[in-house]
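Enquirer: If you're matching positions, the sequence shown starts at 7 in our numbering and goes up one per residue.
If you're looking for bench data, these hints aren't it; they were derived computationally from the structure.
Glycine included, C-beta positions come from ideal geometry on N, C-alpha and C.
Warning: the hint list may mix true and false statements.
[Stated by the list, open to error] Pairs of lysine-lysine residues, derived as BS3-like cross-links and limited to a Cα-Cα distance of at most 27 Å, are as follows: (1) 156 <-> 120; (2) 120 <-> 84; (3) 148 <-> 181; (4) 198 <-> 181; (5) 91 <-> 120.
[Said to hold, decoys possible] Here are the simulated distance ranges between beta carbons: (6) 190 <-> 58: 49 to 57 Å; (7) 182 <-> 46: 43 to 51 Å; (8) 187 <-> 59: 49 to 57 Å; (9) 118 <-> 182: 22 to 30 Å; (10) 82 <-> 39: 25 to 33 Å; (11) 46 <-> 187: 47 to 55 Å; (12) 44 <-> 87: 23 to 31 Å; (13) 39 <-> 190: 44 to 52 Å.
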Amino acid sequence: MKYLLIFTIFISISSPVFSDTSLYDRGRAFFYGDGVEQDYKKALFAFRQGSKSGDLDSMTALGIMYIVGIGVENDNSKGLEYLNKAANLSHPKAQYYLGAMYYLGIGVTTDYDKAFGWISLAANQDYLFAQHNLAEMYETGKGASQDYNKAYEYYITAARRGYLESQIKVAEMYKEGIGTEKDLGKSAYWLKQIAESKDSSQ
7 MKYLLIFTIF
17 ISISSPVFSD
27 TSLYDRGRAF
37 FYGDGVEQDY
47 KKALFAFRQG
57 SKSGDLDSMT
67 ALGIMYIVGI
77 GVENDNSKGL
87 EYLNKAANLS
97 HPKAQYYLGA
107 MYYLGIGVTT
117 DYDKAFGWIS
127 LAANQDYLFA
137 QHNLAEMYET
147 GKGASQDYNK
157 AYEYYITAAR
167 RGYLESQIKV
177 AEMYKEGIGT
187 EKDLGKSAYW
197 LKQIAESKDS
207 SQ
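Produce the complete structure using the sequences and hints provided.
Expert: Dropping the structure here:
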């Protein structure tokens with residue numbers, strides 16, 4: 007299963023007004039070097055300030071920095087603390103990363119039940135990566151009872167939102183009649199979408 011334990015945070019350019027949100031924006035700008043010189047320490051500081059103000063995006067970003075060890079010494083315990091806090095306040099990105107950690111056994115004992123629980127919560131809040139990974143869990147039976155129909159449902163949801171790996175899975179499922187009725191026309195449609203996505207990315 008491919009989990010993206012990196013920043014996949016899509017926000018606007020930072021604002022000069024230091025609200026909770028702009029602290030997160032500021033941290034994001036320093037993390038990526040977006041309009042400023044890249045500086046992980048300054049990113050960390052901004053995320054800490056945002057987290058103290060209760061901003062869930064900042065909490066999640068801070069947790070990931072501790073877990074990955076970017077801009078700060080790796081500390082899985084602190085990382086989990088921040089992710090747990092944001093996840094329990096229904097932040098879908100935090101729920102997804104927490105689920106990924108339990109699935110992969112990063113900083114915690116591998117626990118597929120907890121992984122399934124957190125990833126399900128994120129998927130049902132329309133978090134794209136969670137939708138795809140939950141489909142994989144249903145397809146493979148790893149972390150969930152194998153259910154091709156449910157796998158198809160989550161794959162098609164992510165596919166319609168443009169997620170390439172889900173589109174590939176949907177094309178295969180229509181071709182083979184797995185989790186849905188066999189339909190070569192629909193398979194061809196998704197293969198065309200995949201080709202167009204690849205062309206546009208080149």
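Enquirer: Taking the hints in turn, state whether each one holds.
Expert: Evaluated hints:
1. 156 <-> 120: At roughly 19 Å apart (the allowed maximum being 27 Å), residue 120 and residue 156 satisfy the hint.
2. 120 <-> 84: Given that 27 Å is the threshold and the Cα spacing comes to 19 Å, the pair holds.
3. 148 <-> 181: 23 Å, holds
4. 198 <-> 181: Since the Cα atoms of residue 198 and residue 181 sit roughly 13 Å apart, the hinted pair holds (cutoff 27 Å).
5. 91 <-> 120: 15 Å, holds
6. 190 <-> 58: 49 to 57 Å: 56 Å, holds
7. 182 <-> 46: 43 to 51 Å: 46 Å, holds
8. 187 <-> 59: 49 to 57 Å: 51 Å, holds
9. 118 <-> 182: 22 to 30 Å: 26 Å, holds
10. 82 <-> 39: 25 to 33 Å: Holds, since residue 82 and residue 39 (Cβ atoms, about 26 Å apart) stay within the stated range.
11. 46 <-> 187: 47 to 55 Å: 50 Å, holds
12. 44 <-> 87: 23 to 31 Å: 26 Å, holds
13. 39 <-> 190: 44 to 52 Å: Because 47 Å falls inside the window, the suggested range holds.
Hint check: no violations occur; every hint is consistent with the structure.
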